[in-house]
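S.K.: Sequence:
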Amino acid sequence: MRTALVTGGARGIGAAIVSTLAAAGWRVIAADIDADAVAQAAREWIDAPITGAVLDVTDRTAVVALMDAHGPLDVVVNNAAIPADMLPFAELTPEHFARALRINVQGSFIVAQEAARRMDSGAIVNIASRGYLGGIGGAHYVASKAAVVGITRAMAVELRWRGISVNAVAPGMVETRMIEGFSPAMRNKLTEMEPGGGPLDPSVIAGAVAYLASPAGRSVTGQVLLVDGGKTIGTRLY
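Per numbering that gives the first Met the number 0, the very first residue in the sequence shown carries number 0; after that it's consecutive.
There could be a bad hint or two in this list.
What the hints assert, rightly or not - Distance ranges between label pairs, derived from CB positions:
hint : residue 1 : residue 2 : range
1    : Gly70     : Thr231    : 33 to 41 Å
2    : Ala153    : Ala38     : 32 to 40 Å
3    : Arg117    : Gly221    : 15 to 23 Å
4    : Gly134    : Gly221    : 21 to 29 Å
To be clear, the hints were calculated from the coordinates, so they are not data collected in a lab.
C-beta: ideal position from N, C-alpha, C; glycine also.
Using the sequences and the hints given, assemble the complete structure.
M.R.: Structure below.
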């Protein structure tokens, strides 16, 4: 059975990816730093080919131990990340930047590097964000997701010769914990800007990941797939 590792897999987009891959016949390792979330999700996965694991993606020793314990991997999905603190550029601190880069970029790098060392072929899918294109507030988050796109392209160039595709999926506004903390006014304003009239369901992102993970998607590499209902292509005219 094909095996996939999904980080940040206990809730939100990660949990949707885990469920989608499992339904498609994958054995899935759902790793998350939140032990309570893993335990809660595991109760829902009891009849599925899913194994929950607690993992800090910035801890290389722990990443190595997890991969060694679960055998060869065919697909790795780097979904673990911290959300943006919506702060003006002038209010950001070095600590904001350091934390975002450590988890969102360094964590993805460690997982991808250790996975690539163990893969003969397969796919690595990094979850970026439409935010990598820029935006108001959260410059540290924007920088981290832009770095995820950069490392995706760099990895794709090197790993294609080994039959490993590397791509990024860049979600737009999705119904997750990240937007739960927004004020009603901010949420309403953002919703008005969405072509579909509101946030996307996490399953939509999971579907994009499943395609890139599938044999049919392996000839696609070094790409950033924006999944945002078309918002990125321009604003409405009327």
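S.K.: Could you work out which of the previously given hints the structure breaks and list their numbers from low to high?
M.R.: The structure breaks none of the hints.
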